[in-house]
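Novice: Here's the letter readout for the chains.
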Amino acid sequence: MKSIKIKADNLNVYYGEKQALFDVSMYMEEKQVTALIGPSGCGKSTFIRCLNRMNDVIDICKVQGKIEIDGNDIYAPDMQVEQLRERVGMVFQKPNPFPKSIFENVAYGPRIHGIAEHKSDLEEIVVTSLKKAALFDEVKDRLYDAGTGLSGGQQQRLCIARAISVNPDIILMDEPCSALDPIATARIEELMGDLKTEYTIIIVTHSMQQAARVSSRTGFFHLGKLVEVDKTETIFSNPSDQRTQDYITGRFG
Amino acid sequence: MTDRIEQRINSLNKRLNSEKRFRIYCIGAMSFALAWVLILFLNIFSSGYSAFYRTVIQVDVPFLNLIEDTTQFSEMSSEDINNLSMYSFSKKAIYGLFPDIEEKKDKKMLIRLFSIEFEQEIREFLKSNKSNINETETIYLTASDDVDQVNKGNYPRGLDEDKRRIKDIQLLFFDDLVDRGLVSYEFNLPFLMRGDSREPELAGVGGSIVGSLFTILVVLILSFPIGIFAAIYLEEFAPKNRVTDFIEININNLAAVPSIVFGLLGLGIILNTFGLPRSTPLVGGIVLSLMTLPTIIIATRASLRAVPPSIREGALAVGATKMQAVMHHVVPVAMPGALTGTIIGLAQALGETAPLLLIGMVAFVVDVPQTPLDASASLPVQVYLWSESAERGYVEKTSATIMMLLGFLILMNLAAVLIRRKFETKW
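Chains A and B, in that order, give the protein sequences.
Count the first sequence with our numbering and you get residues 4 to 256, in order.
Count the second sequence with our numbering and you get residues 406 to 832, in order.
I should point out that these hints are in silico values taken from the structure, not numbers from a laboratory.
No experiment lies behind these values; they were computed from the predicted model shown.
Among these hints, one or two may not hold up.
[To be verified] Mimicking DSSO-like on lysine-lysine, the simulated pairs with C-alpha atoms at most 27 Å apart in a straight line are:
(1) Lys103/A with Lys827/B
(2) Lys97/A with Lys727/B
(3) Lys512/B with Lys568/B
(4) Lys103/A with Lys134/A
(5) Lys645/B with Lys65/A
(6) Lys727/B with Lys69/A
(7) Lys21/A with Lys97/A
For reference, chain B alone in the conformation it holds in the complex (with noise of 0.2 Å):
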């Protein structure tokens, strides 16, 4: 008898022995990959914060030299400001900085501490300003790359001269603006504005940023309406035949189907054959629909399939028909369940690089795109573009950029569980 109890009192404690060895493996595994995600999120913001911040040099612009008497710019048109040759005076304003420089070759050097485009911004301050421009305004330049990059701490100061970029010279220079104040950071806000260029300083994800919008605009006009319908149809109305199988299995393939094939398939149609224009959100829309549109469909399907047969039952016995019984109770009902996965495709395409690529999103654009049909890039391959690039400004762009894509995919997950939750049948 107690050896009975005992064997049972053994064999219970091995069960609870082997739970708690159960219990420590899933811990760990789900700490392994929280691990991994944090590391990730760690990499990428440590190293791509800094481009939200930008390295300035403040330059005193005497505009008297420009002109006999200040107060006559405001009466000139943007037009005026545009055809005043601005340039040797720019320079000359930055050559103020050193007075004592008189070499050629190092008034160059002094020059190169300063983005290419000082003039454009002296001569936009103008602009902006014209009807109460003092003889003498004090203007923030943007700095060179490497300037910013080495007031940032990200440039090994300590190389050989001529294993680095900014020479001797320069970092004299520098040192001496650092001493008397005149450098100093802002916000960056041309980073979130402008489009690509080759000048990192200069470069922003504003076009990316557009570019994407616009193209998930376009993956949701063209794949949301379609696979709901697509869905409510093969769900509710398809007659369960060897023809709706093989439609579904093809559905869940093409799920599966690798997205560069996709990408394949909008260069040969949808640029060669119809002849849309290249590299712009609309075809970039319609390559990342198709690839959405199984998703959407699948994710309708699963919610409408959880809709209670009681309820189209209900609405049929009061003399409904089919489509009212369906479109005025089973959709509604289906409806977060659909926005959910219509968000998470989307989301998924935001993320798509590959199908891009080959319709050509992955052209250097500089200009923001106005429209759908303006050629475009797109955050992801924005990413690609510059991960490739060998400028040191460019990898904490890169790393910003995947920073603003996680940004926006963080977003629309948020807003699919929030849907999820506000608008869910309670039963």
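The following block holds chain A by itself, in its conformation from the complex (with noise of 0.2 Å):
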């Protein structure tokens, strides 16, 4: 047994009116990717949007509840977000690199945070973040050149390695291969794996496949509860709950 890193208890959360999570508890565990399925709307982006407190942007949207990253509850008064999202980093369902240059893009946050003191440290991060992103091969030569101008499986791996720049615990990724061909997303997969020796990896996944590829737990979201949540062989091959057995089969979804 891995210690958790996150655990999340009774967490309900409501957009204006409409609830989109009911009562949801799971544990999530160190250095192990953790990937949440189920079919759109279920409430799995809402959930891990939760865990980086992305959701305070919204103005209707309101949790209750308990989300707790090394026994610290993120939600409680004293806690700085800014701090929180330097721990836990988040990687998009779309590559959304800064209209920049690639070392820029990577820079940004460690600058803000004052992470790097010498213009040789900041460089030492940039390039130790591209290399941990598996891209740093790619771009070493264009390092000025802009983000936006890579293709879409590079810009979601400088994404990543925007990520990783300031040193966080665990990466969210939310649907990060939904907008990659299959040669992208087997690069992203592989990178996972990777990195899971470092970070605790949270992915949410429309694809069945990539789950059972990448993680070691899987949880099943659906109508915003979530359903069933277990070792990943557990969830595809011998399900406790009818609902998951209908829809990794493909009955719905």
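The two chains are supplied separately, each in an independent frame; assemble them into the complex guided by the hints.
Specialist: As structure tokens, then:
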């Protein structure tokens, strides 16, 4: 049993009058990949965005319940959301590099947090982050070209490099491969395998094969409820809930 | 079966024909609009281009009659030259064109071929060339407006003498001067440099150009930062509730308020309550800023809204504060759009007349303003002023001023397009 990194307890989320999550309780293990699957609109993205409080941006979003990271309540009043997001990075569905150079994309996080004191430190961080994101070899000759000029898969890896540039513990990935072709997807999946040695990864995905390939635990969401969460093999071979069974065999979703 | 195919072909032909008709309507509408623009430009250009050159008459000025030795001028200061009594001397130099004239009345007519500042022009020539003045110098003196217009062919010479300002004897003088090759054109630099004047041949747009530039500068300094900050607040930070809805509606309303209302506001509050100086570019700029602000705010908000939300999320996700996300990532991307909106707003302000009339920028101002606190005219008001004047010379000057105004507007709009092209973020 690995140690527990994130623990959600009776999480309820409302968008105005509409309830999006119902009593979600689950934990995620440290330095493992946890996958969240489920049909569209089931609340898995809402859930993952609670983990770094990205939902705060939405005025009408209200979160009840408790999320603990390393035993600290991230919705506690004294929790600074900027600090939280430094520890919990995020990669989005559509690659969203800043319209700046590749270097600036990765250097931005360390710079605003004051992580790098000297320019050489900053350069080192950028290079290591790009290497960890398996992008460095492809872009080392054009670090000062626009990040938006890269291909979709490269852009997504640039976003991963950006996320790890501030040295987080956790990386949230919200359907990171849905806008990519199979080859780029394979590269990202391979990358996740490398990254999990250092980071706790939570991935939301539409692809059950992807969840099966990359994760050690999988949670299945349906209609805002966490139906079942278990070891990935168990979920895919011997689910305990009929709805999970129906979903993974393609009866709906 | 064949019936159905035929039916389809018929209906397809109908659709294709109606498309053709539609295209013709569109091209027609565009040509109509374009034709009017062309007519406008042609009309203004054809009546205005002649204001950019002016008629001058060569006069031999015998400086030896003024002083015993012309080298003595070089030792005189400008002050001394200003104190020289030169009026009758200058007149005599002009009489020298027609030495045979005896009658006082005819001499007066001859003098009136020239602008009233002929004495001043000779004095200025003396001042700027005082170190090497010969015994007799040939000076190009500005012709009077009537002569200028006759020379340019704008004056109907066929009218009865009592129906025109220029008299028969003056025309005789003029034709004789033309035959002797003493009448020529030169580039009308004074028109670009000088302020307004009661004499058309001496009136220039320099004062109103500077006045307009000062006004636009004040508008830029006031409305650009205020507009950008207001737009950023409303778009990025303000909570979406009734108060902000109300503000938004009112900004849109403000953009539709007739400009003269802003003039009344300026008159009532800025001039009367705050007591700022009347007729100045400062006050004009403040009033026009009120008018320009909604344009800038609306344009900036639109370009902020066009920045994909994923950019904000990307910045927030690495731990940027809201302000950092906005200032580092959203605003730079939105800036070209905001600048374009600002320039278009400024161009509107540049062409605005009504509010300036109410705050007194319609005054007759001879001096070119040195600061935004000096009384001044502006280009559109100058057009308004000159279009009301009776003298023929103001007709071409009105059109020429419109040409300058259009020139500035085209330049500004061009700048807006170039900025948008050059700095637009490519995704």
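Novice: So if I understand the rule, the pair passes when the alpha-carbon distance is 27 Å or less; does Lys97/A with Lys727/B pass?
Specialist: holds, 21 Å
Novice: Is it true that the CA of Lys727/B sits at most 27 Å from the CA of Lys69/A?
Specialist: OK: Lys727/B and Lys69/A at ~24 Å, within 27 Å.
Novice: Starting from Lys645/B, check that the Cα of Lys65/A is at most 27 Å away, please.
Specialist: holds, 16 Å
Novice: Could you grab the alpha-carbon distance between Lys103/A and Lys827/B and see if it respects the 27 Å cut-off?
Specialist: holds, 15 Å
Novice: Does the structure keep Lys21/A and Lys97/A at a Cα separation of 27 Å or less?
Specialist: With Cα atoms ~26 Å apart, Lys21/A and Lys97/A stay inside 27 Å; holds.
Novice: Measure nothing beyond the straight line between the CA atoms of Lys512/B and Lys568/B; if it is 27 Å or shorter, mark the hint as holding.
Specialist: Roughly 22 Å separates the two Cα atoms, so the pair holds.
Novice: Are the Cα positions of Lys103/A and Lys134/A separated by 27 Å at most?
Specialist: holds, 19 Å
Consistency with the previously given hints is maintained throughout, with no hint failing.
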